[in-house]
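*Asks:* Single-letter residue listing:
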Amino acid sequence: MSATFVGMPAFPEAARAATGDAQLRHNLRRATHTIRDKRAAVVGELDDWAGLRAAGKAVKDRTLRHLDVYLERFEAAVTAAGGQVHWAADAAEANRVVTDLVLATGERDVVKVKSMATQEIELNQALAEAGITAYETDLAELIVQLSDDLPSHILVPAIHRNRAEIREIFRDRMAAWGAPAPDGLGDDPRALAEAARVHLRERFLRTRVAVSGANFAVADTGTLVVLESEGNGRMCLTLPDTLISVVGIEKLVPTWSDLEVFLQLLPRSSTGERMNPYTSTWTGVTPGDGPQEVHVVLLDNGRTDVLADTVGRQALRCIRCSACLNICPVYERTGGHAYGSVYPGPIGAILTPQLRGTGGAVEAALPFASSLCGACYEVCPVAIDIPEVLVHLREEVAGGAGHRAERAAMGAAGWVLGDRRRLDAAQRAASAARSLAPRHLPGPGAAWTDTRDLPEIPEESFRSWWRRRSGPGEGAR
Amino acid sequence: MSGSRERILGRVRAALADVPAAERPDDVAVPRDYAAAHGGGERVALFAERVADYRAVVHRVPADGLAEALARALARRGARRVAVPADLPGDWLAAADAVAVPDGALPVAELDAVDGVVTGCAVAIAETGTIVLDAGAAQGRRVLTLVPDYHLCVVRADQVVDAVPQALPRLDPRRPLTWISGPSATSDIELDRVEGVHGPRTLEVVITE
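As they're listed, the protein sequences go chains A and B. Following this note's numbering, the numbering of the first sequence begins with 1 at its first residue and continues without gaps. Following this note's numbering, the numbering of the second sequence begins with 1 at its first residue and continues without gaps.
None of these hints come from the bench; they were simulated from the model. Possibly wrong hints are sitting among the right ones.
Stated by the list, open to error - Derived DEER-like restraints, expressed as beta-carbon distance ranges:
1. B:A35 / A:A164: 22 to 28 Å
2. A:Q23 / B:D87: 53 to 59 Å
3. B:V19 / A:Q84: 49 to 55 Å
4. A:A92 / B:A75: 56 to 62 Å
5. B:G78 / A:L205: 48 to 54 Å
6. A:D37 / B:D112: 34 to 40 Å
7. B:P169 / A:A128: 40 to 46 Å
Stated by the list, open to error - Chain A side only, calculated, beta carbon under 7 Å to chain B, not exhaustive:
8. S229
9. E260
10. Q292
11. E293
12. G445
Said to hold, decoys possible - So these bits of chain B aren't anywhere near chain A, every CB distance computed over 10 Å:
13. S4
14. P102
15. A157
A virtual CB, placed ideally from N, CA and C, is assigned to each residue, including glycine.
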């Protein structure tokens with residue numbers, strides 16, 4: 001895959017293009033509304049959802065506040081179970097570690113389980129540069145890979161494609177990557193799923209190395225957990241000789257029994273099911289069953305910067321369910337590509353600027369890619385207050401370079417509003433000149449008034465009216 | 001590599017400068033006032049209903065009717081050779097016409113060629129319609145229930161628990177676990193669920209009580 005988010009335009013420009021794409025709008029509306037309803041139905045089944053949510057939040061907070069303890073505990077447990085733990089400070093180091101591990105096996109093909117962490121570090125590109133081909137096996141990831149596209153959703157990276165487009169991609173591109181699509185392939189989802197099964201079957205049965213992520217990593221036991229639907233995860237986690245899992249350091253949970261919270265929260269929030277079809281857990285190496293060489297790469301890549309921000313830290317509670325994307329009125333209209341990152345939607349708008357910093361144009365625009373309606377916070381299974389973090393990041397961006405005109409205007413307003421005499425003088429002047437007030441602002445303010453009416457200036461200010469009405473004694477106060 | 005270990009742990013500790021030095025992990029309170037289970041009816045009946053919800057085929061039979069039920073299921077499926085874990089109880093397939101192929105270390109190609117697999121399970125969860133395999137008694141290694149296209153699974157009524165919180169204490173995290181809720185499926189095309197991708201496309205469950 002050579003497609004990359006690098007060089008994408010910032011959100012306002014990308015969103016303008018996306019919202020003009022009628023097919024995209026149609027696909028997204030249909031998909032997000034389907035999943036919203038499913039989620040609401042299965043969440044509504046549980047009368048203790050609020051309790052589960054509070055527990056999920058607290059378990060993650062406990063983990064994050066003592067992350068060093070849990071990381072060391074996890075490492076010791078994995079090692080004791082026959083696995084090997086590697087630490088990667090950034091994307092480049094993680095890619096180097098994985099590449100070296102694959103090269104050491106002598107293999108040049110790897111099968112991959114869908115993983116956000118490996119998308120984030122652009123592992124496939126790094127492997128390709130070393131002559132290693134990574135085959136995505138999740139159906140949606142396969143669609144994205146075959147069409148040299150970019151993911152647009154955390155759970156369903158090809159959510160922007162409808163069945164007819166998927167058929168075209170399979171028909172035109174499958175042969176270049178392996179078994180071709182069957183003749184006369186239709187656009188029935190059943191037929192498309194069957195085509196994916198046939199395309200990947202041989203690959204699963206013969207590939208000796210797999211790369212995965214993990215949904216959870218249990219510190220006490222060293223257990224990794226992957227939730228999936230198709231069985232491609234089981235194939236990758238079971239059949240190869242070598243398994244390499246890239247795991248963000250925030251994926252830890254303290255104990256095995258803590259999973260009782262997340263195995264209820266995650267499936268219902270993400271695919272809207274009581275339970276996803278397959279969940280695999282493994283702890284190091286099991287003799288005679290599954291991969292006999294098991295590696296875990298613990299990835300920082302900006303997470304410790306997020307951790308250092310006491311307001312933004314809560315973003316690390318995220319369990320990547322994508323409920324916030326599905327409910328978001330902005331995401332529904334722009335789709336995921338406009339966010340310029342593998343993490344789109346509301347969670348992406350707070351995660352990307354924190355992981356990468358707010359220095360770049362894409363990152364600085366993201367905290368503003370929201371109407372602050374708060375629907376994302378309501379559906380978040382670990383209660384991340386996304387609007388709070390958005391506002392916090394807006395402050396950070398506004399405090400940085402590049403907002404001089406706005407800061408000057410706010411400074412002037414503060415000077416006027418901070419003093420009674422200055423405010424009186426300004427209001428008298430405004431009332432006297434009210435017939436001259438324009439309907440639209442000139443210069444840089446023009447864009448703002450394109451979609452808004454300027455408020456009318458009253459004949460007399462409230463303060464002046466109050467003074468006149470209540471007599472000189474009162475008004476002087 | 002150890003350099004990065006120290007670097008990351010150092011960054012984590014620096015990032016947590018606001019956490020009081022005396023605070024221990026357990027000092028961070030975790031409210032546990034969620035339910036252990038959510039009711040929803042009689043446990044085994046609920047399990048059967050929820051598994052069927054995922055379009056798995058479900059039967060409830062008396063314990064002494066198991067061999068007969070398995071024989072009927074395999075005959076309906078037209079399965080002639082089925083893989084089984086080496087320790088599958090001998091009487092389970094006593095009435096079946098199908099030939100049992102016991103797994104020692106069957107090559108993947110051979111597993112790909114059988115007509116199905118018959119196993120037991122470790123735990124079943126009523127509320128979510130989930131079967132958990134732990135590679136223990138009557139289950140075999142993970143690949144056994146993965147490569148064949150048809151999985152016939154026996155669940156004893158006393159293996160069924162109400163909900164997820166009761167399942168975890170019964171399971172040993174050191175064993176490789178597979179939680180199965182219906183046949184393999186995908187929602188990747190327009191978020192509509194379609195059954196049958198890479199895992200077994202047909203899951204049939206026989207509950208004995």
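*Asks:* Look at each hint and say if it fits the structure.
*Replies:* Hint check results:
no. : hint                        : verdict
1   : B:A35 / A:A164: 22 to 28 Å  : violated, 44 Å
2   : A:Q23 / B:D87: 53 to 59 Å   : holds, 55 Å
3   : B:V19 / A:Q84: 49 to 55 Å   : violated, 30 Å
4   : A:A92 / B:A75: 56 to 62 Å   : holds, 58 Å
5   : B:G78 / A:L205: 48 to 54 Å  : violated, 24 Å
6   : A:D37 / B:D112: 34 to 40 Å  : holds, 38 Å
7   : B:P169 / A:A128: 40 to 46 Å : holds, 45 Å
8   : S229                        : holds, 5 Å
9   : E260                        : holds, 4 Å
10  : Q292                        : violated, 12 Å
11  : E293                        : violated, 15 Å
12  : G445                        : violated, 40 Å
13  : S4                          : violated, 4 Å
14  : P102                        : holds, 15 Å
15  : A157                        : holds, 20 Å
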